[in-house]
Amino acid sequence: MALYSEKVMDHFRNPRNVGVIEDANGIGEVGNAKCGDIMKMYLKIEDDIIKDVKFETFGCGSAIASSSMATELIKGQPVSEAMKLTNAAVAEALDGLPDYKMHCSVLAEEAIKSALEDYNKRQEN
Amino acid sequence: MIYADNAATTKTSPKAIEKMVEVMNNTFGNPSSLYGVGQKAKEELEKSREEVAKVIGANPKEIIFTSGGSEADNQAIISAARLGARKGKKHIISSAFEHHAVLHTLNKLQGEGFEITLLDVHENGLIVPEEVENAIREDTALVTIMFANNEIGTIQPIREIGAICRKKGVLFHTDAVQAIGHVHVNVKEDNIDMLSASSHKFHGPKGVGFLYVKKGIALTNIIEGGAQERGKRAGTENVPGIAGMTVALKEAIEHLDENYESVSAKRDKLIAGLKEIPHCAINGDEKKRLPGNVNFCFEGIEGESLLLLLDDKGIQASSGSACTSGSLDPSHVLLAIGRVHDVAHGSLRLTINEETTDAEIDEIIKSVKEVVEYLRSFSPIWRDLVAGKKEFIL
Ligand SMILES: Cc1ncc(COP(=O)(O)O)c(C=O)c1O
Ligand SMILES: [Zn+2]
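Keeping their order, the protein sequence lines are chains B and A. Mapping of the first sequence onto the numbering used here: residues 61 to 185, in sequence order. Mapping of the second sequence onto the numbering used here: residues 6 to 399, in sequence order.
Next comes chain B alone, as it looks inside the complex (with noise of 0.2 Å):
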């Protein structure tokens, strides 16, 4: 039995939308080394609507594929969608993830809401 769905390898193998965004106006990181998964969200968000979105992931393969599929969820949606992004809803675009690793999927959806946050922020500034 694999560790993994195939979805999750895939995502993993072939991560969606990784990199940095120069000019994006909205940045997350969450997470620490500490406990082994660091992920850092870019948002490009143009009449809010999220028109571009980037993350680099330190972490295990769960991390790095929950990363990639919330970006993938993401992209291309208005601001009030994506806030309303959760843990469960990226895990189950996975088809599923290991108990212990539902964590993984956790950080992304906070990873997301701290880039959101921020760019909220800034457009109060």
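Careful, some of the hints might be misleading.
Calculated cross-link-like contacts (lysine-lysine; reagent style DSS-like; alpha-carbon spacing at most 27 Å) [what the hints assert, rightly or not]:
# : chain 1 : residue 1 : chain 2 : residue 2
1 : B       : Lys94     : A       : Lys394
2 : A       : Lys318    : A       : Lys52
3 : A       : Lys395    : B       : Lys173
4 : B       : Lys181    : A       : Lys394
Quick list of the computed label-pair ranges, beta carbon to beta carbon [claimed, not checked]:
# : chain 1 : residue 1 : chain 2 : residue 2 : range
5 : A       : Ser269    : B       : Glu66     : 38 to 44 Å
6 : A       : Ala286    : B       : Arg182    : 35 to 41 Å
7 : B       : Tyr160    : A       : Ala101    : 43 to 49 Å
Here's a subset of chain A near chain B, in silico, CB distances under 7 Å, partners left out [as the list claims (entries may be wrong)]:
#  : residue
8  : Asp10
9  : Thr14
10 : Thr17
11 : Pro19
12 : Glu309
13 : Leu313
14 : His346
15 : Asp347
16 : His350
17 : Phe383
18 : Ile386
Hint data in this document are derived by calculation from the structure and do not stem from the laboratory. Note that the Cβ used here is the ideal one computed from N, Cα and C, for glycine as well.
Fit chain A with the ligands to the given chain B structure using the hints.
For chain A with the ligands alone, coordinates are given in the frame of chain B:
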């Protein structure tokens, strides 16, 4: 496929398989039975005991067959603890990077009122004999120090530690699971009172191993029942497994010196190649280690993703990262040698053997370089390190 995880387990030797099949076919009797086929099994069992004993310089009566290394560790430590407790000795000395079969048994004893001293294993992964001597007290019941570490492969100064224990009159147990069949082990010369070994680490079958106990040391049963193994380990003996283990052990010992030479040379080549990767470090002393063990930390990446990508390239290895252990903490061994969490997550253990070819070593070096570089290309930690926002640890 390049199998580089021989510390996890080894491929079963064809000769051992042949022997096991032969025993299962022809010697299926119960060694406790009186009739022919039972007595034939008994003969097979005792022949194995003699051969195993001979290999480590013991007497056959000092060998107890077990279900493997874990059981042998449990029984050795529990037995020494019971013996000590009878004399009011409830202190045990061990090290911070023992296998969990040892550490968890010690935890259990701690819960029963034993005091446990875990010695520092230092940055090079080596225990200092004088520190063992200094830790020994009037009430020390046991010193248990592994012969060679399963993750970083460092070989401990067992003979010196054993000599100290003899001098102080303290029982000395060593978990030699990773050492037997790979380096010379002799219980007499090495001053060992108790020793654990496991068949599947030297090309024997899984689920079988043995415990050496010096004459005069009374064992406590872990498994109660029939009077097998001189009443110290109940259960109908795993005759085919034991016979297979014995064949594998003899084979390993026969080729020990030549394998040691050739595997060490390949290990050194692998180490030299991996050292070319920037910001990495070898874990454990570079020379005082098992011939087949290579263990590195690479800064800025995580071990599980490294393993998965190496697996895609046909290379099987292991890591001490949290994500491979199912817990949030990276390997206790890497933490014990002072690796901080940040880099301990990025570890890679490659354990090669006599069948590993030079071409495979080149292939491993090339693949690891590629994968480390790729993972670093989108690692936020690596970006910060390169940008100077964070200081390199390695
Ligand atoms: C050092 C050490 N001790 C004990 C064990 C446990 O041996 P077994 O798997 O035979 O129970 C292992 C195997 O992983 C080991 O490497
Ligand atoms: Zn993880």
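Evaluation of the provided hints:
no. : hint                               : result
1   : B:Lys94 with A:Lys394              : holds (17 Å)
2   : A:Lys318 with A:Lys52              : violated (44 Å)
3   : A:Lys395 with B:Lys173             : holds (25 Å)
4   : B:Lys181 with A:Lys394             : holds (24 Å)
5   : A:Ser269 with B:Glu66: 38 to 44 Å  : holds (41 Å)
6   : A:Ala286 with B:Arg182: 35 to 41 Å : holds (40 Å)
7   : B:Tyr160 with A:Ala101: 43 to 49 Å : violated (25 Å)
8   : Asp10                              : violated (15 Å)
9   : Thr14                              : violated (18 Å)
10  : Thr17                              : violated (22 Å)
11  : Pro19                              : violated (28 Å)
12  : Glu309                             : holds (4 Å)
13  : Leu313                             : holds (5 Å)
14  : His346                             : holds (4 Å)
15  : Asp347                             : holds (4 Å)
16  : His350                             : holds (4 Å)
17  : Phe383                             : holds (5 Å)
18  : Ile386                             : holds (5 Å)
In this structure, the hints that do not hold are numbers 2, 7, 8, 9, 10, 11, in rising order.
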